[in-house]
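K.L.:
Guided by the hints, dock chain Z onto chain E, whose structure is given.
There are 2 protein chains.
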Amino acid sequence: MTINPTWLTELDTPYLLIDETRLKQNIGYLKQRVEARGSRLRPHLKTLRTLAAADYLLDSKTSPATVSTLAEAEAYAEAGYTDLLYAVGIAPSKLSRVAKLRQQGINLHILLDNLEQANAVISYADKQQQTFSVFIEIDSDGHRGGIEPADPRLIDIARKLGVHFNGLMTHAGGSYGCTTDLALREFAATECNAVLKAKQQLNKAGIKCPKTSVGSTPTAHFGEDFNGISEVRAGVYTTFDLVMKNIGVCDFKDIAMSVVTTVIGYNQEKNWVLVDSGWMALSRDRGTANQQQDFGYGQVCTIAGEPLTDIYVSSTSQEHGIIELPGHAELKDFPVGLKLRIFPNHACATAAMHQGYHVLMSDGSHNTWERIQGW
Amino acid sequence: MTINPTWLTELDTPYLLIDETRLKQNIGYLKQRVEARGSRLRPHLKTLRTLAAADYLLDSKTSPATVSTLAEAEAYAEAGYTDLLYAVGIAPSKLSRVAKLRQQGINLHILLDNLEQANAVISYADKQQQTFSVFIEIDSDGHRGGIEPADPRLIDIARKLGVHFNGLMTHAGGSYGCTTDLALREFAATECNAVLKAKQQLNKAGIKCPKTSVGSTPTAHFGEDFNGISEVRAGVYTTFDLVMKNIGVCDFKDIAMSVVTTVIGYNQEKNWVLVDSGWMALSRDRGTANQQQDFGYGQVCTIAGEPLTDIYVSSTSQEHGIIELPGHAELKDFPVGLKLRIFPNHACATAAMHQGYHVLMSDGSHNTWERIQGW
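Protein sequence lines, in the order shown, are assigned to chains E and Z.
284 is the number that full-length UniProt numbering gives to position 284 of the first sequence; each next residue is one higher, with no gaps.
104 is the number that full-length UniProt numbering gives to position 104 of the second sequence; each next residue is one higher, with no gaps.
A few of these clues could be false.
The list treats identical chains as interchangeable, and a pair is accepted whether it falls inside one copy or across any two copies.
With a straight-line cut-off of 20 Å between C-alpha atoms, the simulated EDC-like cross-links for lysine to aspartate or glutamate are [stated by the list, open to error]:
hint: 1; residue 1: 61; residue 2: 35
hint: 2; residue 1: 24; residue 2: 35
hint: 3; residue 1: 332; residue 2: 269
hint: 4; residue 1: 31; residue 2: 251
hint: 5; residue 1: 270; residue 2: 151
hint: 6; residue 1: 31; residue 2: 20
hint: 7; residue 1: 339; residue 2: 294
hint: 8; residue 1: 24; residue 2: 310
hint: 9; residue 1: 127; residue 2: 363
hint: 10; residue 1: 197; residue 2: 141
Because the hints were derived from the structure by calculation, they are not lab data.
So that you can see chain E by itself, here it is in the shape it has in the complex (with noise of 0.2 Å):
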């Protein structure tokens, strides 16, 4: 049944649209996927950064989760949660808000990959008293930061946090480059090989490592064996979007947000459709420009979520996206007024245009979600 409740269409547009049904099932399926493998999820809440969303992603407020900002750890610190990894490297002059929730009870880990920042959070830790929890982050793919597994620098930095060291972490960002199955589960491999490796290090010269931290959405969705690793991560797995449908990690079908918007004109000797959806709703995000399909701005679908075949949002500007038809599809088909659906690039990157979500509840039903600010 194709729920296409009224309430869609009345919305001023540009809202986002969240499907409920496909969230949790989205969520349902990875958590058992994970599990059954030998480990457990510890999400990334920050694609949708929400409070209800939480809600459906953690079994209890205890749960694991990963948070991208210091101003979302405050808000689930607030809202009960007490197991957060703050996976953005730690800078200095951030401890004292780390400090701060930890003295509330808050299980809050941060993440460094060099000396400094070691140093720094041991002066402080001396300082003021202060335990910490610290992962160190290890470059298991040469995408961003972190040290390789066999960097001795690896032992310096733990040995120097002594009772502060708490793991290791590493993300697969370059995992978004994989376009077969072969290659996603490779990556997977790869990302478990480079932490254990690190951990063996650490063994080796006598430096418990008590956890142990992998994950992307492409890789927690194509690791074969997760045992040894004490938690998996992934974010835009909730909602997924069109660059993870390029990676093959789902369908269409699958993905549960998406920008309603408005026919607001047309260029009829271009063939093209206007609508009230620019960047400001959909994102500058072009993620999908160099995958094997490349969606523009994002796949347009019907008001009940049909995606219309190759029909995207070519361009846009601050309030304007432009849809240039292709052949097979006519103008009068697309009368001012119209509502549309369309799928995003980049979740992450289309939910931070927004402050908030409409949620289309499994029951038809509408229910409205805010969204964590700042940082």
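P.N.:
Structure of chain Z alone, referenced to chain E:
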């Protein structure tokens, strides 16, 4: 004198910084320029979207202004501004919000470019006994919407609108593709000629056209003659950005917006500096990618605002920025904790990522401005 007060380095990063001195200079310059050439400004408020900035941009509460959403119109109306052009094609479902503001005494002008929209306006107006003020969009550059000056539909639409018809508007978005002063001057002339020609067509048909509105930041800065043009619109000139520098409209020293960031690590092997500003703080806008100089995700500056030659944010993820250092720069000059400023590619897009701004006042003191959100 370079003002570099201590509060700049004490605030939590990332945050968006506005330089009041430069803002005032940019605003004052264009106002004087356009008035000296026979017209007046109708500033576009969409770049900063704050009541505080409107106060700098507009001489009085009755001064003309442009907005890109009804949410802005409602916020400015609430603050007492009475002459607002909503410069996005009107969707029929939004007419009730427009009517509500007009009933409150706000001269809110709307925009359209086709008969379907005009019919919707007339139908609403007749049913609700509502007067509107409608601008018809003219296409002067094939860039987005609007109809061409000689298109006979122009007469049909204006006639249909009757007493609700108030003027013609064009947006020279294509001027962003110009790279020489001559091309910009010609573009500005083309834009003016388009609306003047359209006005002539109307007059010939016996239709009075009270207002003509043109604009874009580049053409407002290069137009030589605005006689006969009621008003010139421009928005990003308030703060400028790297796209405008590449077009030749401003220099580094005029850019009044930056994102303040902190060094959080590096990849020593690759000579990369990692900062805590990803696309969440900088936006995904890569507007300089195809211009004469590609600034990546932004030009890196010292905390005092001095651009560092050839040092850009090379890539971003949600909360990470990577600066790939060029040969002449050394990692040791970017210690963990160092604060830097980053000039944005596109000020409108970067400002949109922030709920509010920190303002460096001309006397070095600190102010905060809150952004108007949503649609």
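K.L.:
With reference to the structure, classify each hint as holding or not holding.
P.N.:
Hint check results:
For a Cα distance limit of 20 Å, the shortest separation of residue 61 from residue 35 inside one copy, 19 Å, qualifies, whereas the shortest one across copies, 61 Å, does not. For a Cα distance limit of 20 Å, the shortest separation of residue 24 from residue 35 inside one copy, 17 Å, qualifies, whereas the shortest one across copies, 59 Å, does not. Taking CA atoms no more than 20 Å apart as the test, residue 332 paired with residue 269 passes inside one copy only; the shortest distance there is 13 Å, against 57 Å between copies. Taking the shortest alpha-carbon separations for residue 31 and residue 251, only the intra-copy value of 18 Å comes in at or below 20 Å, while the best inter-copy value is 52 Å.
Taking the closest pair of Cα atoms, residue 270 and residue 151 come within 20 Å of each other only across two copies (14 Å); inside a single copy the shortest separation is 57 Å, beyond that limit. In the homo-oligomer, the alpha carbons of residue 31 and residue 20 lie at most 20 Å apart inside one protomer (17 Å), although the nearest pairing across protomers, at 50 Å, exceeds that limit. Taking identical chains as interchangeable, the C-alpha atoms of residue 339 and residue 294 are never at most 20 Å apart, the minima being 23 Å within one chain and 37 Å between chains. Taking the shortest alpha-carbon separations for residue 24 and residue 310, neither the intra-copy value of 28 Å nor the inter-copy value of 47 Å comes in at or below 20 Å.
For the identical chains of this complex, residue 127 and residue 363 are neighbours neither inside a copy (55 Å) nor across copies (36 Å), given an alpha-carbon limit of 20 Å. In this homomeric assembly, residue 197 and residue 141 come within 20 Å of each other (Cα to Cα) only inside a single copy, at 14 Å, whereas the closest approach across copies is 59 Å.
Violation of the numbered hints given earlier is confined to hints 7, 8, 9; the remaining hints are satisfied by the structure.
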